[in-house]
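Visitor: Whole structure, please, built from the sequences with the hints as guidance.
As they're listed, the protein sequences go chains A and B. Taking the numbering used here, the leading residue of the first sequence gets 13, the next gets one more, and so forth. Taking the numbering used here, the leading residue of the second sequence gets 13, the next gets one more, and so forth.
I should point out that these hints are in silico values taken from the structure, not numbers from a laboratory. Incorrect hints may appear among the rest.
Because identical chains share one entry, a pair is satisfied inside a single copy or across any pair of copies.
Pairs of lysine-lysine residues, derived as BS3-like cross-links and limited to a Cα-Cα distance of at most 25 Å, are as follows [as the list claims (entries may be wrong)]:
| # | residue 1 | residue 2 |
| --- | --- | --- |
| 1 | Lys293 | Lys345 |
| 2 | Lys345 | Lys302 |
| 3 | Lys142 | Lys333 |
| 4 | Lys166 | Lys302 |
Number of protein chains: 2
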Amino acid sequence: MFRSIPLFILLALCLPPAFAKTSWQLTMAETWPKNYPIFGEANRQLADTVAKMSDGRLTIRIDSANKHKAPFGVFDLVRSGQYDMGSSSSYFWKGKVPNTLYFTTMPFGMIAVEQYGWFYHGGGMQLMAKVYEPYGLLSFPGGNTGNQMGGWFKKEIRSLDDIEGLKMRIPGFAGEVLARLGAKPVNIAPAELYTALERNTIDALEWVGPSLDLRMGFHKIAPYYYTGWHEPAGEMQFLVNRRSWNRLPNDLREILKTAMRMTAYDTWIRTTHESATNLAKMRQEFPAIKIRSFPHEVIEALKKANDALLAEKASADPLAKEIIDSQHRYMEKSRAWTLISDKAYLDSSTE
Amino acid sequence: MFRSIPLFILLALCLPPAFAKTSWQLTMAETWPKNYPIFGEANRQLADTVAKMSDGRLTIRIDSANKHKAPFGVFDLVRSGQYDMGSSSSYFWKGKVPNTLYFTTMPFGMIAVEQYGWFYHGGGMQLMAKVYEPYGLLSFPGGNTGNQMGGWFKKEIRSLDDIEGLKMRIPGFAGEVLARLGAKPVNIAPAELYTALERNTIDALEWVGPSLDLRMGFHKIAPYYYTGWHEPAGEMQFLVNRRSWNRLPNDLREILKTAMRMTAYDTWIRTTHESATNLAKMRQEFPAIKIRSFPHEVIEALKKANDALLAEKASADPLAKEIIDSQHRYMEKSRAWTLISDKAYLDSSTE
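Guide: See the structure below:
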């Protein structure tokens with residue numbers, strides 16, 4: 013009976029899979045230099061997980077800043093389709109799209125566990141989509157730094173007078189807040205930071221926290237390490253070009269989405285672990301490090317300046333207002349819980 | 013040329029995929045009753061994610077306690093292979109395998125972000141594998157409740173005298189600790205808890221926290237809600253039968269592993285969100301709820317009793333000692349970081 017079926021039909025019936033597209037490669041531009049610890053490693057882990065889950069059908073080729081030469085141009089690289097994906101941080105784009113500011117971390121804002129609640133259950137993802145949609149981009153949480161330290165200071169901060177005229181490397185919105193108290197925020201390339209602090213070109217600087225500060229060596233030249241107020245939950249970002257996303261079959265989209273979400277959480281736990289490990293190392297090598305919190309009057313003045321700046325932004329743009337209000341409402345609710353759970357536990361069990 | 017190749021060979025060459033096994037179904041027994049909020053929903057979400065990522069090649073069929081009738085027999089159901097997977101909590105098995113106690117949460121132990129650090133970077137996963145390996149089981153983190161509340165009390169606790177003779181529903185290790193202070197820990201089926209508290213059969217009880225307490229209604233009959241000391245980071249558990257795991261191809265193992273890991277983190281964020289939301293509801297409905305922390309002398313006595321119990325366990329079993337020491341060392345390191353990051357931030361920004 014088979015003999016009566018023309019051979020080319022038999023072959024056509026069994027060959028189609030060979031003609032269908034069976035594998036996809038995405039390219040990713042990361043803001044980080046080659047071999048960057050934690051964030052760079054997380055991207056390689058992401059690519060590995062995606063390849064394993066898809067049995068090699070989906071691969072991600074990663075270019076570091078050394079290759080694409082545009083660490084702060086990742087938004088455009090992905091928007092234009094030169095790259096399918098980006099690994100960066102949302103607030104880097106605030107000069108281009110002001111409302112991207114709100115999806116990294118805000119001074120006196122939510123801590124990481126609260127902010128993930130806002131993203132996934134408090135409307136944060138929808139608001140982020142609204143901001144990125146006009147640019148043909150999808151944005152996802154990309155890993156949290158945890159609470160960042162307030163920075164390394166050569167002199168102790170005892171009152172508002174010590175802020176007046178303070179030359180500090182502190183970029184972005186936090187720099188604007190500090191400027192309202194009379195400080196002089198400056199931006200300096202990472203590679204020159206150590207020398208600038210050592211030679212007193214600046215009086216202080218903030219970087220991240222022990223996870224990434226240890227290798228910079230600041231603890232060798234500045235005795236005071238202040239606790240944080242300005243970046244309580246620095247969230248990194250995965251960007252995906254919408255056309256690249258749409259070309260993927262549904263199963264690979266789900267694989268990519270799940271891997272990004274898991275990687276973001278994993279990075280948060282990793283930075284927390286590295287901070288704990290490196291803090292112990294710093295203290296062992298330099299027992300003289302003085303850890304301080306800003307005095308009450310400084311914190312109150314910073315809060316006031318922060319509120320005033322946010323009010324200006326909210327009154328200038330309805331979408332900014334929507335985001336600021338949403339964060340404010342969510343934080344009020346979630347902070348009440350934080351205070352009677354982890355905070356109360358830490359207060360009572362370590363007193 | 014094709015004409016000279018026997019037809020059965022041609023067909024054999026193009027048919028093999030049809031003979032290979034292409035889809036897998038795993039069965040899961042969960043400790044939770046049908047339609048259980050948060051944990052039950054998370055399992056359905058896990059099954060859905062796994063099915064989507066595998067394009068339907070891997071499915072999970074979930075049976076709730078109503079079906080398998082053995083909420084606290086999940087360990088055996090999975091060990092025997094009656095089910096491929098389980099969703100439960102490690103410390104439920106301490107009567108059977110004492111060292112399973114340490115992988116849920118410990119009194120005065122790590123908070124969630126610290127404990128995930130221990131699991132994934134501090135040797136926790138390896139120690140958990142050591143405990144479960146002899147039973148042919150793999151165990152994975154299955155979702156965190158966050159810091160659990162210390163419970164609902166009919167009367168205020170002002171001193172150690174108020175603990176003496178206190179009849180409280182508080183199961184497990186925490187109950188043992190409390191008993192050393194003269195309390196009378198009892199276990200009561202969940203369905204009877206409300207009536208027991210209402211009729212003063214018990215003076216107090218602990219359940220979880222606002223995320224799951226609200227629906228139980230305790231806030232209507234007990235005025236005091238105490239902050240936690242005994243379960244700072246209740247981690248649920250996914251169990252997998254090793255033979256079932258070994259039967260899966262590598263890509264499906266990676267899909268299952270990734271989905272479980274993401275689901276665990278997601279559940280933690282979800283419980284935090286639900287706690288925040290439900291706390292606000294409770295306070296709105298019953299503004300009279302009095303939130304308290306135990307007095308210093310009670311906390312100190314609980315700590316002492318806890319240390320003594322742990323020392324007994326460590327001296328009785330080398331593996332218990334290894335786990336307790338590992339947790340102790342990791343917590344010391346990570347707590348130092350927690351205190352100058354989230355804790356210092358919450359102290360200074362909410363003062």
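Visitor: For each hint, tell me whether it holds in the structure or not.
Guide: Status of each hint after checking the structure:
Taking the shortest alpha-carbon separations for Lys293 and Lys345, only the inter-copy value of 10 Å comes in at or below 25 Å, while the best intra-copy value is 37 Å. For the homomeric pair Lys345 and Lys302, the shortest alpha-carbon distance between copies (18 Å) is at most 25 Å, but the shortest distance inside one copy (34 Å) is not. For a Cα distance limit of 25 Å, the shortest separation of Lys142 from Lys333 inside one copy, 13 Å, qualifies, whereas the shortest one across copies, 53 Å, does not. Taking the closest pair of Cα atoms, Lys166 and Lys302 come within 25 Å of each other only inside a single copy of the chain (11 Å); across copies the shortest separation is 45 Å, beyond that limit.
Violated hints for the displayed structure: none, as all numbered hints are satisfied.
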